[in-house]
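Peer 1: Throw the hints in and build the complete structure from the sequences for me.
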Amino acid sequence: MKRRINIWKGTDKITVLLFLVMVIMGWFNIYAAVYNEDHKEIFDFTQRYGKQFIWVVATLVLASFILLIDSRFFFFFAWFIYAGLMLLLLLVLVFGTEINGARSWFEFGNISLQPSEFAKFGTALALAAYLNHRKQELTRLNVFIPAVGIILFPALLISLQPDMGSTIVYFAFFIVLFREGMSPFVLVSGILMVILFFLTLLINNLYLTAGLIIVAFLVSFYPVRSLKDLIRGFLIIAVTGGLIFLLDHFVIKALGGEMILLIAVILSGIPFGYYIFTRKAMALLVIYLFLLGSILYINAVDYSFNNLLKPHQKERVEIMLGMKSDPHGTGYNVNQSMISIGSGGLSGKGYLQGTQTKFKFVPAQSTDFIFCTVGEEWGFVGSFTVVGLWLLLLLRLIFIAERQRSIFSRVYGYGVVAVLFTHFFINIGMAIGLVPVIGIPLPFFSYGGSSLWGFTILLFIFLRLDASRTEYLV
Numbered sequence: 001m002k003r004r005i006n007i008w009k010g011t012d013k014i015t016v017l018l019f020l021v022m023v024i025m026g027w028f029n030i031y032a033a034v035y036n037e038d039h040k041e042i043f044d045f046t047q048r049y050g051k052q053f054i055w056v057v058a059t060l061v062l063a064s065f066i067l068l069i070d071s072r073f074f075f076f077f078a079w080f081i082y083a084g085l086m087l088l089l090l091l092v093l094v095f096g097t098e099i100n101g102a103r104s105w106f107e108f109g110n111i112s113l114q115p116s117e118f119a120k121f122g123t124a125l126a127l128a129a130y131l132n133h134r135k136q137e138l139t140r141l142n143v144f145i146p147a148v149g150i151i152l153f154p155a156l157l158i159s160l161q162p163d164m165g166s167t168i169v170y171f172a173f174f175i176v177l178f179r180e181g182m183s184p185f186v187l188v189s190g191i192l193m194v195i196l197f198f199l200t201l202l203i204n205n206l207y208l209t210a211g212l213i214i215v216a217f218l219v220s221f222y223p224v225r226s227l228k229d230l231i232r233g234f235l236i237i238a239v240t241g242g243l244i245f246l247l248d249h250f251v252i253k254a255l256g257g258e259m260i261l262l263i264a265v266i267l268s269g270i271p272f273g274y275y276i277f278t279r280k281a282m283a284l285l286v287i288y289l290f291l292l293g294s295i296l297y298i299n300a301v302d303y304s305f306n307n308l309l310k311p312h313q314k315e316r317v318e319i320m321l322g323m324k325s326d327p328h329g330t331g332y333n334v335n336q337s338m339i340s341i342g343s344g345g346l347s348g349k350g351y352l353q354g355t356q357t358k359f360k361f362v363p364a365q366s367t368d369f370i371f372c373t374v375g376e377e378w379g380f381v382g383s384f385t386v387v388g389l390w391l392l393l394l395l396r397l398i399f400i401a402e403r404q405r406s407i408f409s410r411v412y413g414y415g416v417v418a419v420l421f422t423h424f425f426i427n428i429g430m431a432i433g434l435v436p437v438i439g440i441p442l443p444f445f446s447y448g449g450s451s452l453w454g455f456t457i458l459l460f461i462f463l464r465l466d467a468s469r470t471e472y473l474v
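If you're matching positions, the sequence shown starts at 1 in our numbering and goes up one per residue.
For the record, the hints were derived by calculation from the structure and aren't laboratory data.
None of the values given here were measured: they were computed from a predicted structure.
You may find that some hints are simply not true.
Derived DSSO-like pairs: lysine-lysine, alpha-carbon spacing no greater than 30 Å straight-line [stated by the list, open to error]:
1. K51 x K40
2. K228 x K280
3. K349 x K40
4. K13 x K51
5. K51 x K349
Peer 2: Structure below.
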């Protein structure tokens, strides 16, 4: 059968238009962010805005080239692309150049490339190929675990660089798994883990552990429907905990309150297990395991936060949660960014008129904190416009993903949505102090060739697949 060749007719022009508007806006904002009175020419290639222009032109050529490739190429070579990019992530650990404490870059003369930016579309392709092959069987463990492995393998390699910002982005692919049939229990558990993470940092562990036990008993009332049985269970934990406390007080003298409660919950599992087995109360088993897992998790979070995180990483989280104030140290970037955005008012100070921007008060203003330039010079109206454009793009991509006829194209489309949404949410969240500073760019806006190319490839592969949605990939 002859395949149609009129790609432009099938390409979603709304998405292309949004892409072009964002890239052009990004370029002009980079010019404003690093504006130099001695180098006023926007096409000055010795400055970042001149270099970004070269990347933009190259990006348009790259996007056009992707649209000309047969869509079946991405289907048949998905695993080869993924394997090649994973090899680059391995090689950069050995031969890469260390910048800002992370060995994440290959340098070729004056050009630097960051493999982790390109690995995102490779991971999306591999996940799409795998789920297309296994259909929608993510409720089965032997299908779910390899899918998780496809996601976590590049995340692990990137964490070794270490680049924790890019590592976190890969967890966005779990949104794809949820759309394709992953148990809601996994997603809810993930959300609860995030909530517990912050509660662990804000609340004393002893009180938090006691609170979890009380919540578990309250929830258990629904399947048990017997106040007497609940009281018996509570007494079992109380008596067990009391005996361990006495043993620790007079003999061991080293456990502490949280450990006493943890051991009490574990030992109480024996009589609880008998009750669950005889009554066939599987719901109680789930609640008990969830309680035990939650207590182990908060202890692991507490240990990791205090012993594994680097001091500056700890400070960023503490400042975000209001546990610590350091406006002239670790919190300087965010503090200056919020001042910059707030100073823009309703309509902004005017293009190239931002004082915070002009006098370089905000570090990394052309990369991680590009949004503060928008806020200062364009004000609320400009910020609202940028956020609006992003929401339109994400909603459009969801619409396109849902109209796909093949599982491969739909899964890949949701991978694009998940990655772009995560970058958008975290980057703007960093600029306004809602999330810790983890150093990831705002797609199509931030300075950088690797990120611009990586996001362009990610997006335009999907547009190419969509252009052939009426045809069979195989």
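Peer 1: Given the hint that K51 pairs with K349, test it: the Cα-Cα distance must not exceed 30 Å.
Peer 2: holds (26 Å)
Peer 1: Tell me if the straight-line CA distance from K13 to K51 falls inside 30 Å.
Peer 2: holds (27 Å)
Peer 1: Given the hinted pair K51 and K40, is their Cα-Cα distance within 30 Å?
Peer 2: holds (14 Å)
Peer 1: Could you grab the alpha-carbon distance between K349 and K40 and see if it respects the 30 Å cut-off?
Peer 2: At roughly 19 Å apart (the allowed maximum being 30 Å), K40 and K349 satisfy the hint.
Peer 1: For the pair we were handed, K228 and K280, check the Cα-Cα distance against 30 Å.
Peer 2: holds (18 Å)
Checked against the numbered hints given earlier, this structure breaks none of them.
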